[in-house]
Amino acid sequence: MKNFVEIIQSSINDTLGSWIYLLPEISLAFIFILMIIADLFWAKRIKNLVAIIAVSGLFIVFLEVIDQFILIPPQGVVLFSAMIKLSTAAIWYKVLITISGLLVLLFSLRDFQLRNTEKGGSEYYSLVLVVTLGLNFMVMAQNLLMIYLSIEFVSVCSYILAAYLTGNKRSEESGMKYALFGAVASAVMLYGMSLLYGFTGTLDITNQAFYNGLASINLMSASVALLLTLAGLFFKISAFPMQVWVPDVYEGAPTPITAFLSVAPKVAGIALLITFIRAVNSGGSPSGSVFLASTENLLAALAIITMTIGNFSALWQTNVKRLMAYSAIGHSGFILMGVAAYSMTGQKAILFFLFVYALANIGAFLVIGYFSNVFHSEELEDYKGMGMKYPLVSVAMVIFLVSLTGLPPTAGFVGKFFIFSAAIEAYMLGGNVLLLIMVVFGVVNTVVSLFYYFKIPLNLYLRKAKTEISLDKGNLLFSVIIIVLALFTLFLGVFPNKLIGLINF
Amino acid sequence: MTITQSLFYFLAFVAIFSSLLVVTAKNPIHSVLYLILTFFTLTGEYILLNAQFIGIVNIIVYAGAIMVLFLFVIMLLNLNVESEPQKTNLMKFIGIITGGIGLVVLTAALKSTDPSNTVVIQEVDMGLVKNLGQVLFKEFLLPFEIVSILFLSAMVGAVLLARKETK
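Going down the list, the protein sequences come from chains A and B.
Mapping to this note's numbering: the first sequence position 216 is 237, numbers consecutive.
Mapping to this note's numbering: the second sequence position 84 is 103, numbers consecutive.
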């Protein structure tokens with residue numbers, strides 16, 4: 022019995038020492054429970070109470086995340102018996118996730134479809150917060166159990182959010198497809214993880230035993246286990262061959278959720294992928310890891326296939342949300358390029374690119390939501406002639422698309438430039454020809470993306486509207502956010518150093 | 020023969036006997052009931068092996084939740100002998116061949132294995148609930164807590180999707 026008391030005391034001390042580092046996550050969990058209770062008791066009396074709690078709560082969490090930069094030592098802290106690691110890079114990803122969560126919450130406040138759904142909005146906001154919580158853990162996870170749990174956490178909540186518009190056929194279909202694909206992906210990943218555990222005898226991927234165990238067995242068996250595990254991550258970042266769900270889900274889900282899904286899980290998935298690749302490649306031997314060449318080749322090949330599939334399929338789309346879905350696949354390819362060229366500069370390039378991509382993509386989806394509020398359509402046909410009627414928003418849309426294409430003077434250009442230079446640098450150092458081929462494909466794909474992105478401005482400005490339909494007034498909140506995001510995109514394009522100077526890890 | 024050994028042989032006999040009955044029973048409900056019996060005998064075996072936790076979970080999850088699910092499905096589907104699709108001779112033939120191939124592969128695999136040494140467990144009370152609880156609330160505290168939030172949010176979502184709205 023005395024033994025037990027000691028164990029409990031040490032466990033409590035450990036937890037008390039660690040919880041300060043988990044402040045944002047604990048706050049998120051509390052806000053989630055608070056929202057459920059508030060919805061039950063006071064929602065009838067105070068309008069929009071849950072939404073207000075969600076937005077203000079997430080803002081507090083954002084401040085807490087920022088505060089962590091000062092809190093942690095430069096090398097990061099390992100918490101809860103090596104379950105998670107809080108490093109500067111992880112905090113940056115968390116900042117990005119929280120910002121996109123905030124934007125999406127504001128977006129949802131005035132979205133036409135969400136306001137008119139029969140379910141009401143309260144559970145919606147609490148679920149968005151819980152997804153943010155899962156994403157935060159995903160970014161920090163460094164134990165196979167935590168990786169699986171956090172991915173599953175994010176997936177389960179995303180399925181529900183995608184299917185939120187019950188009664189709408191497309192939304193239900195999207196949620197169902199997402200759930201089916203997600204279940205298969207997580208089953209495959211779990212199988213891979215069980216093999217990894219069997220080979221190495223440890224769940225902690227940063228443990229030296231993990232690498233040694235993998236390196237000591239047959240390369241073929243190790244690759245199978247690693248590939249199966251990576252498949253689950255590729256599902257989250259919508260990379261080939263796990264990208265088939267993207268167009269249908271993005272088209273059917275409510276527009277704010279599409280914006281969220283295209284950014285936040287991708288950010289967290291990339292962060293986790295980098296952690297994983299790094300763990301596999303952190304070999305003790307001086308000649309480097311045995312997996313270095315094979316992971317580099319695999320990621321480079323997947324980057325090429327992913328961006329080519331995404332960009333070429335986008336050429337034929339007539340629905341704007343579908344078009345953006347394929348463009349999101351294409352962008353996953355670009356980010357994978359940065360991961361393939363893994364180095365310290367590579368990780369900074371990825372982070373910057375993700376920032377830029379998040380700004381432009383959420384901005385573009387906000388414009389889609391804005392137009393959808395105005396004339397209830399997401400077809401390219403109906404965008405004809407709208408540029409003159411809604412000048413500010415349309416100009417912002419053009420800025421976002423230019424940024425997504427990667428042309429100066431927007432931030433997208435700088436982001437792509439960093440990714441390309443990181444890849445070239447990796448080629449110079451390692452001499453892997455596949456990396457050079459990857460860069461060539463990246464440039465070709467950028468040109469291809471120009472064709473489909475510019476279908477939207479073409480319709481907005483150069484085509485005449487077919488019929489005069491009565492239009493609703495645009496939404497002021499949306500216009501303000503859209504313009505602020507567009508200004509940020511331009512600002513980062515002209516002064517990228519303002520952000521890059523801050524990113525140092 | 021010690022009491023443990025005799026208990027083992029008894030449980031093993033009941034387990035094999037009832038699992039044979041699962042396959043041969045004509046009525047699907049009977050078959051499910053025999054399956055429950057099999058699970059209970061297996062639980063007994065686990066407890067003999069000093070693996071309390073697996074034994075309890077086996078009862079709760081398999082004999083409890085999953086078997087109820089089975090029973091529900093069988094009762095809802097109303098499986099009878101008449102409604103069951105009749106297998107043609109071709110199907111039976113294909114079945115025999117596939118099963119035979121599986122048997123060949125299994126025997127080949129078993130033949131190539133070396134007889135292993137008897138496994139002696141170092142820590143006898145490894146499977147006790149006490150030790151599991153210690154690990155769960157020490158090393159795996161964080162995942163444990165996260166699972167509870169995950170279940171809560173999944174529950175909110177499930178209720179949300181299934182709820183019928185009154186207009």
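Calculated from the structure, these hints are not laboratory results.
Where a beta carbon is used, it is the ideal one built from N, C-alpha and C, also for glycine.
One should not assume that every hint holds.
[Said to hold, decoys possible] The calculated DMTMM-like cross-link candidates involving lysine to aspartate or glutamate, where the alpha carbons are at most 25 Å apart (straight line), are:
no.	chain 1	residue 1	chain 2	residue 2
1	A	K198	A	E139
2	B	K183	A	E193
3	A	K68	A	E194
4	A	K106	B	E164
5	A	K494	A	D403
6	B	K149	A	D225
7	B	K183	A	E139
8	A	K190	A	D225
9	A	K140	A	D60
10	A	K106	A	D225
11	A	K140	A	E193
12	A	K519	A	E446
13	A	K106	B	E158
14	A	K140	A	E194
15	A	K410	A	E400
16	B	K130	B	D144
17	A	K519	A	E402
18	B	K157	A	E402
19	A	K198	A	D269
20	B	K157	B	E142
21	B	K183	A	D35
22	A	K190	A	E85
23	A	K369	A	D269
24	B	K183	A	D60
25	B	K149	A	E400
26	B	K157	A	D35
27	A	K106	A	E139
28	A	K476	A	E400
29	A	K476	A	D269
30	B	K149	A	D403
31	A	K106	A	E194
32	B	K157	A	D225
33	A	K106	A	D88
34	A	K190	A	D403
35	A	K190	A	E400
36	A	K190	A	E402
[Said to hold, decoys possible] Simulated restraints, written as ranges between beta carbons of each label pair:
no.	chain 1	residue 1	chain 2	residue 2	range
37	B	L155	A	S398	47 to 55 Å
38	A	L450	B	Q141	26 to 34 Å
39	A	N24	B	M20	32 to 40 Å
40	A	F396	B	Q105	54 to 62 Å
The hints, checked one at a time:
1. A/K198 <-> A/E139: Measuring from Cα to Cα gives roughly 22 Å; hence the hint holds.
2. B/K183 <-> A/E193: Holds, at roughly 15 Å.
3. A/K68 <-> A/E194: 31 Å, violated
4. A/K106 <-> B/E164: 17 Å, holds
5. A/K494 <-> A/D403: Holds, because 16 Å separates the two Cα atoms, which is no more than 25 Å.
6. B/K149 <-> A/D225: Cα-Cα ~24 Å, so holds.
7. B/K183 <-> A/E139: 9 Å, holds
8. A/K190 <-> A/D225: 43 Å, violated
9. A/K140 <-> A/D60: 13 Å, holds
10. A/K106 <-> A/D225: 11 Å, holds
11. A/K140 <-> A/E193: Status holds; Cα separation ~14 Å.
12. A/K519 <-> A/E446: With a Cα-Cα distance of about 23 Å, the restraint between A/K519 and A/E446 holds, given a limit of 25 Å.
13. A/K106 <-> B/E158: 14 Å, holds
14. A/K140 <-> A/E194: 17 Å, holds
15. A/K410 <-> A/E400: 17 Å, holds
16. B/K130 <-> B/D144: 34 Å, violated
17. A/K519 <-> A/E402: 39 Å, violated
18. B/K157 <-> A/E402: At roughly 59 Å apart (the allowed maximum being 25 Å), A/E402 and B/K157 break the hint.
19. A/K198 <-> A/D269: With Cα atoms ~8 Å apart, A/K198 and A/D269 stay inside 25 Å; holds.
20. B/K157 <-> B/E142: 19 Å, holds
21. B/K183 <-> A/D35: Roughly 46 Å separates the two Cα atoms, so the pair is violated.
22. A/K190 <-> A/E85: 40 Å, violated
23. A/K369 <-> A/D269: Violated, at roughly 32 Å.
24. B/K183 <-> A/D60: 18 Å, holds
25. B/K149 <-> A/E400: Violated, because 61 Å separates the two Cα atoms, which is more than 25 Å.
26. B/K157 <-> A/D35: 9 Å, holds
27. A/K106 <-> A/E139: 41 Å, violated
28. A/K476 <-> A/E400: Distance ~12 Å between A/K476 and A/E400 Cα, so the pair holds.
29. A/K476 <-> A/D269: Satisfied, since the Cα-Cα distance of roughly 21 Å is no more than 25 Å.
30. B/K149 <-> A/D403: Distance ~66 Å between B/K149 and A/D403 Cα, so the pair is violated.
31. A/K106 <-> A/E194: 37 Å, violated
32. B/K157 <-> A/D225: 15 Å, holds
33. A/K106 <-> A/D88: 16 Å, holds
34. A/K190 <-> A/D403: The hint holds at about 21 Å.
35. A/K190 <-> A/E400: 17 Å, holds
36. A/K190 <-> A/E402: 22 Å, holds
37. B/L155 <-> A/S398: 47 to 55 Å: 53 Å, holds
38. A/L450 <-> B/Q141: 26 to 34 Å: About 48 Å separates the Cβ atoms of A/L450 and B/Q141, which means 26 to 34 Å is violated.
39. A/N24 <-> B/M20: 32 to 40 Å: Holds, at about 37 Å.
40. A/F396 <-> B/Q105: 54 to 62 Å: 58 Å, holds
Figure legend: structure checked against the earlier numbered hints; hints not met, in rising order: 3, 8, 16, 17, 18, 21, 22, 23, 25, 27, 30, 31, 38.
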